[in-house]
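Turn these sequences into a full structure, and let the hints guide you.
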Amino acid sequence: MSRQPDEGVSAPFEVTVPMRPAVLATAGAVLLVLILLYVETYNMTPPILEGYPGDAFFPRMVLAFCIIWAVIVVARGILLSQAAAAARVEAPYVSLHWLEFVSVIGLVLVYALLLERVGFEITTVALMMALLVPRLLAAPGATLARAMLAGLALSIATMLILYAGLGPGLKTALPLQFLPIYIKP
Amino acid sequence: MEVLVGHLLGAVSALSSPTILAIMLAGVVIGIVLGAMPGFGSSQALALLFPLTFAMSVDQAVIFFLAVYSAVEYGSSIPAILIRTPGTGASAVTVLDGYTMARKGLARKALRISLYTGCLGGFISTLIFIVAGTSLGHVALMFGPGELFAVGVFGLSIVASFFGRDAARGFLAAGIGLLLATVGSSGFGGMRFDFGQDYLMDGIPLVVVIIAFLAGPEAFRLLVEHRRTVETPEEAAAADAGDRNRITPQEAKALIPTVVRSSLIGTAIGIVPGAGASVAAMLAYSEEKRWSKRPEAFGTGIPEGIAAPECSNNAVVAGTLVPSLSLGIPGSGGAAILLGVLISKGVVPGPLLFRDHGTFVMTVFVGLLLINIMMLIVGLIGNRPFGLVARVPMRLLGPFVLILVVVGSYAYANYTAHVIMVLVLSAIGYWFERVSIPVVPIVLAFIMGPIIEENLNRALTITGGDVGAVLSRPITITILLLALATAIYSIRSMLRAAVLATERPGGNGP
Chain X
0 MSRQPDEGVS APFEVTVPMR PAVLATAGAV LLVLILLYVE TYNMTPPILE
50 GYPGDAFFPR MVLAFCIIWA VIVVARGILL SQAAAAARVE APYVSLHWLE
100 FVSVIGLVLV YALLLERVGF EITTVALMMA LLVPRLLAAP GATLARAMLA
150 GLALSIATML ILYAGLGPGL KTALPLQFLP IYIKP
Chain H
0 MEVLVGHLLG AVSALSSPTI LAIMLAGVVI GIVLGAMPGF GSSQALALLF
50 PLTFAMSVDQ AVIFFLAVYS AVEYGSSIPA ILIRTPGTGA SAVTVLDGYT
100 MARKGLARKA LRISLYTGCL GGFISTLIFI VAGTSLGHVA LMFGPGELFA
150 VGVFGLSIVA SFFGRDAARG FLAAGIGLLL ATVGSSGFGG MRFDFGQDYL
200 MDGIPLVVVI IAFLAGPEAF RLLVEHRRTV ETPEEAAAAD AGDRNRITPQ
250 EAKALIPTVV RSSLIGTAIG IVPGAGASVA AMLAYSEEKR WSKRPEAFGT
300 GIPEGIAAPE CSNNAVVAGT LVPSLSLGIP GSGGAAILLG VLISKGVVPG
350 PLLFRDHGTF VMTVFVGLLL INIMMLIVGL IGNRPFGLVA RVPMRLLGPF
400 VLILVVVGSY AYANYTAHVI MVLVLSAIGY WFERVSIPVV PIVLAFIMGP
450 IIEENLNRAL TITGGDVGAV LSRPITITIL LLALATAIYS IRSMLRAAVL
500 ATERPGGNGP
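Line order of the protein sequences matches chains X and H. All letters in the first sequence, in the order written, are residues 0 to 184 by numbering that gives the first Met the number 0. All letters in the second sequence, in the order written, are residues 0 to 509 by numbering that gives the first Met the number 0.
Careful, some of the hints might be misleading.
Said to hold, decoys possible - To spell it out: a stretch of chain H is covered by chain X in this simulated footprint if at least three of its residues, at any positions, have a beta carbon under 8 Å from a beta carbon of chain X; those stretches are: (1) 46-60; (2) 417-424.
Unchecked claim - With the C-beta cut set under 7 Å, the calculated list includes, among others, these residues of chain X facing chain H: (3) 21; (4) 25; (5) 32; (6) 42; (7) 53; (8) 64; (9) 70; (10) 71; (11) 100; (12) 103; (13) 111; (14) 131; (15) 137; (16) 142; (17) 143.
Just so you know, these hints were derived from the structure itself, not from any lab. Glycine residues also receive a C-beta, built at the ideal position from the N, C-alpha and C atoms.
Printed below as a string of structure tokens:
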């Protein structure tokens, strides 16, 4: 069903890195954040009565627990890397189509920022169009005009279904521009 | 007995309402449709539908969610059988015999076996709970704050160790979930990890965590990886396989022992927090193969090979409700969301639920019986059209999932910050999944975090801050020792896998 990339070979706009450094970098970054958060617990209010739990009691326990496991993940990544790589206990490479990844994040950020200013109707249709048209174009024999038309129809239908379900259906206060408002925020 | 009959009558009365029946039907249809979409598990489906429950009463919301939860398990077997793409991990085992049977031109027979045995599994499991569930609730009443803290820790130890191939990453993920639960106002009047930001002062809402770590990464996966999805003509043709598919009485009779065994396995696995439908399906399949007189035929498209995993993964639903309702420990991602619905409606899961809301508990289980009957009817009517859903190209599915994620997180409180939170956490969740750090323990731990913290704080306050007094209670110490044993077992398994890896260079690993 799925076509996997060749090991270690990146497609355009795709970054492929060996799994071990990816896991190590991720666990290392998590460990750093956990240590900073542990330091942050010393800024929390101390308990009113000595010996009783206070604001920082539970977070410190959890952070200590997390730090121990993060250290284990990092240590295993360093010490057992050769063996794990030889035995292929997990995919040897992790790849990420960074352009798609960044595009999705960017589009949702723009959507979130414009939603209340421009209105639910226009932003929703625009976001759906931006996502659907390139994917419709990927179909064999697709043309830009057809993809735009189909994308627009699907986007408007999606917006109307969401509006009907959340607006009149569940009385949710959506930031509407021209469709009827059923509840004031 | 009198109490049981009283609760039963109350449940039947509540469930005879046309609104509840309509909601149940909607849940079954939506659940089958979502389950039939490749990549949609019960957790993702329930996370997406969470906002729909805002306007429902507690009975309606729970029945709706149970209908979706049960139907997703059946729906996920449709793409598993037709195009070798399991909708959920639990249906991965169904591929072995289901897809093989479909390739022989018996796709609809495979779908029917999956439907009948799935419904029977759910039915038997629910009956077991109706008979024994109340007793379990009474046992749970013996639990105080210290014991509940220990139960929470035990649940976490199982949850973390059951996800992913690396227990260390599972425990790390569970810890991250616990940490996220500490953000915002503490129970002592102070603030934690808010960094002066208004949107963090109330903490991270449960709905944000559920959408961000379950539905969000799936949306990213569908959108970012859409270029890799190519359906072959053979796979598409398999969905149109012939209609000469009746299940003979002999075949049905031969499947009875399989259904009984797999239902019991599914119910038992469901009761263990964190085990879930995937484990149940795998265990039922391997047990069925062990009991079979023709083990060599498994994998060649035989009815038992479909019945065992399908029956057990549906039986898990009722089993999962035992720890969820009686102890407040979610047995799976789906149960975690269900608990989220209960909590958001002001119903506190735990031992007192059985005593104070007996009719509600009975409504849930009688409702499950009805849901299974309804699923059977809907499944039979929609056998062919449901199959068409599985053929939605994955590259087109992504945008629809993303817009549901974004609009759902905004609609929760009309707050843009929640959309940004979901976006950031979803991106992190997607990357975590790419590097095999499981995200489901994050959600489960987030749900259990407040339960663990509140009970620990309460127990310490009662004993004047004496940790020894809290831990020395017999039930508490027993459960904590069990948690320790589970953690040690997980670590030993992890180390053994590492040793095997070094001894078998170039092998395929465990």
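Within 8 Å of chain X's CB atoms, at least three CB atoms from the segment 46-60 of chain H: coverage verdict: holds (count 4)
Taking the least C-beta to C-beta distance, is residue 103/X closer than 7 Å to chain H? 5 Å, holds
A closest beta-carbon separation below 7 Å is what the hint needs, so does residue 131/X meet it against chain H? 5 Å, holds
Restraint outcome when residue 142/X is required to lie within 7 Å of chain H by C-beta distance: 17 Å, violated
Do three or more residues of the segment 417-424 of chain H come closer than 8 Å to chain X, measuring C-beta to C-beta? holds (count 3)
Tell me if residue 64/X is really an interface residue toward chain H, meaning its C-beta lies closer than 7 Å to one of theirs. 5 Å, holds
Closer than 7 Å between Cβ atoms is the bar; does residue 143/X clear it against chain H? Give me holds or violated. 17 Å, violated
The hint names residue 70/X as touching chain H; please verify it with the least Cβ-Cβ distance against 7 Å. 9 Å, violated
Less than 7 Å between beta-carbons is the criterion; does residue 21/X satisfy it with respect to chain H? Where the cut-off is 7 Å and the nearest Cβ of chain H is about 5 Å from residue 21/X, the hint holds.
Grab the minimum C-beta distance from residue 71/X to chain H and call the hint holds if it beats 7 Å, violated otherwise. OK, holds: residue 71/X within 7 Å of chain H, min 5 Å.
Verify the interface restraint on residue 42/X: the C-beta must sit less than 7 Å from at least one C-beta of chain H. It is violated, given that the least Cβ distance between residue 42/X and chain H is near 10 Å, above 7 Å.
With a cut-off of 7 Å on the beta carbons, see whether residue 111/X makes it to chain H. 4 Å, holds
Violated hints, listed in ascending order, are 5, 6, 9, 16 and 17; each of the other numbered hints is respected by the structure.
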